[in-house]
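Engineer: Read off the chains here:
There are 2 protein chains.
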Amino acid sequence: MRAFVTGGAGFVGSTLADRLLADGHEVTAYDNFSTGQRSFVQRALGNPRYRLIEGDLLDEQRLRRDLRGHDLVFHLAANADIKDGLKHPRKDLEHNTIATFHVLEAMRGVGTSRIAFSSTGSVYGEPAVFPTPETCPFPVQTSLYAASKLAGEALLSAYAAGYGISAWIFRFVSILGERYTHGHVFDFYKQLRKDPKRLRVLGDGRQRKSYLYVQDCIDAVLHAVSTTGPGLHVFNLGTDEYVTVEQSIGLITGFLGVKPELSYTGGERGWVGDSPFIFLDTRKIRATGWAPKLTIAQSVERTIAWLVQNPDLLERRD
Amino acid sequence: MRAFVTGGAGFVGSTLADRLLADGHEVTAYDNFSTGQRSFVQRALGNPRYRLIEGDLLDEQRLRRDLRGHDLVFHLAANADIKDGLKHPRKDLEHNTIATFHVLEAMRGVGTSRIAFSSTGSVYGEPAVFPTPETCPFPVQTSLYAASKLAGEALLSAYAAGYGISAWIFRFVSILGERYTHGHVFDFYKQLRKDPKRLRVLGDGRQRKSYLYVQDCIDAVLHAVSTTGPGLHVFNLGTDEYVTVEQSIGLITGFLGVKPELSYTGGERGWVGDSPFIFLDTRKIRATGWAPKLTIAQSVERTIAWLVQNPDLLERRD
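These protein sequence lines map, in sequence, to chains F and Y. In terms of our numbering, the first sequence opens at residue 2 and continues consecutively. In terms of our numbering, the second sequence opens at residue 2 and continues consecutively.
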């Protein structure tokens, strides 16, 4: 396979690129390095089957030129800064919705007919059904990020219906593991590294969240793409458990051996658009034969272990 | 009220503007005249409470300047050419999704906090539940038009959650009545006017469709906006009946007194993205006290009567 990975220098994208190379595929990683990391692509750069392109998905002509000859697009590039979406609403529109349109148009232009897309469990807004299945009641969006991802999903399905592409939409819970660079485990660790005696928590700490280990996520994506037929597919990705924010703080502080004093900003939601409860029904992807290997607790520990070993990354993102 | 009507020279927009003027409001109609008609705004232009601006929603700076001082936006402007969406996919993205983003950003910029939005029953794709309620299972999009409208809905709801605007999303069935300028009743009449002996039908004629009379539609929009409180509201708009394409042909040919030979292109769908069955559950809007006054048959007859009296319009759109 000749794979084209957008966001190929990011957390999930670079990990996926490494896996595809290990599996013997050719990989083009496409990244504008707005949040991608040079260090994440170092190993891959030594592989003759790997090519890194520093490009922006908003540059449609270049994208189209570079996409030619690829079989499958893993479209992982996105503005993933959910919490601060309201500070710059244009960012989600451009980097998520419009960029996804450019990817689809480039595919149509050069005849690439398969795409896997990282959507989000946030598209369910604040659902009434838990665990939330792919077919839950038509949801209402609560964040610009989720709105832009839903717009991306809608484009993929309309292109599948109208132009005959095959599309795999994956609604991710939060992903953890090596190369993890943003999200609340990151924020907590960064705070504790500065001052192990204090930890400020957004919300009341009782928000219930789901996580998936990055290698389990990649297993699921590759498994679905290789075992399901052409057409449109929508899969939730997650484990069959969830933890409260307080519980994940317990995991982090236990692993680090610190006992900070906790202060809470209060409220059911950590920020506008934060979901008090994310727990996805993953029976559909499990029915294809996939299952996660790590628990949430194991994922959190691996993530913290990796952050401890990579202090540079925390400094750079201050 | 100082109302700002996008698509104010179009079918529904110009009719709404006339109604708002009759009700004593101030109205600014905004239209790029891509499909809007000069003749539709003639009467309003004589009213001192009316202002017409020839402007494009893609010109964000101008929009923001012109929106200042308005209380409520009726955002009806759209590329409504569903059938030919696949010929120019950028059009739905720009004129529906991006234009809606510009409207919302302009509102945020000038402090206009209320918006009513014409979405579509097509966002339900090909649902499994009939009549289809607002809370039906999370649908899959089958047309670029519906995908772009869903993206618009998602933006409205995220702006409601994030910036506190109030938003009314109306999922329309096909609207009929005076000033109707596109859709299958229009296409059938145009064919029959040229040659009353032959009629070519897209699909097998058994598609089941729903329609609503334009004045009933406007009643519903104004009723919902004035009787429901702040926040986000989603309403289906339609009647509690549907007709097959064959039945509406019967209504049209009966009214015109012609007996054409019918030929069918075949298939359940008239085109890619055509929905074989549209029938919305309207209990939610009815619970607010609204009810349609005209049946589908009456709406079709009024539409044909109007088209017969306005041959210029058919010529211009040939």
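Hints may contain errors.
No distinction is drawn between identical chains; accordingly, a pair holds when it is met within one copy or between any pair of copies.
Straight-line Cα separation of at most 20 Å, SDA-like style, residue types lysine to any residue; simulated pairs [claimed, not checked]:
(1) Lys88 <-> Gly165
(2) Lys260 <-> Arg3
(3) Lys88 <-> Arg65
(4) Lys198 <-> Gly251
(5) Lys92 <-> Glu61
(6) Lys88 <-> Gly163
(7) Lys92 <-> Lys191
(8) Lys92 <-> Trp307
(9) Lys191 <-> Thr228
(10) Lys88 <-> Asp188
(11) Lys92 <-> Asp60
(12) Lys92 <-> Leu59
Source of the hints: derived by calculation from the structure; they are not laboratory data.
Engineer: From the Cα coordinates, with 20 Å as the cut-off, is the pair Lys92 and Asp60 best called within, between, both, or neither?
Structural biologist: both (15 Å within a copy, 18 Å between copies)
Engineer: Reference check for the pair Lys88 and Asp188, CA-CA at most 20 Å: within, between, both, or neither?
Structural biologist: Cα proximity of Lys88 and Asp188: one copy only (19 Å, versus 46 Å across).
Engineer: At most 20 Å between CA atoms: does that hold for Lys198 and Gly251 within a copy, between copies, both, or neither?
Structural biologist: Classified as within: same-chain Cα gap 14 Å, cross-chain 79 Å, threshold 20 Å.
Engineer: Quick one: Lys92 to Glu61, C-alpha cut-off 20 Å, is that within a copy, between copies, both, or neither?
Structural biologist: Answer is both: 17 Å inside a copy and 16 Å across each meet the 20 Å cutoff.
Engineer: Taking 20 Å as the upper bound on the Cα-Cα distance, should Lys191 and Thr228 be classified as within, between, both, or neither?
Structural biologist: neither (40 Å within a copy, 49 Å between copies)
Engineer: Is the C-alpha distance from Lys88 to Gly163 at most 20 Å within one copy, between copies, in both cases, or in neither?
Structural biologist: Classified as between; 10 Å across copies, 35 Å inside a copy.
Engineer: Please work out whether the CA atoms of Lys92 and Trp307 approach to 20 Å or closer within one copy, between two copies, in both situations, or in neither?
Structural biologist: neither (29 Å within a copy, 46 Å between copies)
Engineer: Regarding Lys260 and Arg3, is the shortest C-alpha distance of 20 Å or less found within a copy, between copies, in both, or in neither?
Structural biologist: neither (49 Å within a copy, 58 Å between copies)
Engineer: Are the CA atoms of Lys88 and Arg65 at most 20 Å apart within a copy, between copies, both, or neither?
Structural biologist: Only across copies: Lys88 and Arg65 sit 19 Å apart there, 31 Å inside one copy, limit 20 Å.
Engineer: At most 20 Å between CA atoms: does that hold for Lys88 and Gly165 within a copy, between copies, both, or neither?
Structural biologist: For Lys88 and Gly165, the Cα distance is within 20 Å only across copies (14 Å; inside one copy 37 Å).
Engineer: My question is about Lys92 and Lys191: at a cut-off of 20 Å on alpha-carbon distance, are they close within one copy, between copies, both, or neither?
Structural biologist: Intra 25 Å, inter 45 Å, cutoff 20 Å: neither.
Engineer: Tell me, please, which holds for Lys92 and Leu59 at an alpha-carbon limit of 20 Å: within, between, both or neither?
Structural biologist: both (11 Å within a copy, 17 Å between copies)
The structure is inconsistent with the numbered hints 2, 7, 8, 9, although it conforms to all the rest.
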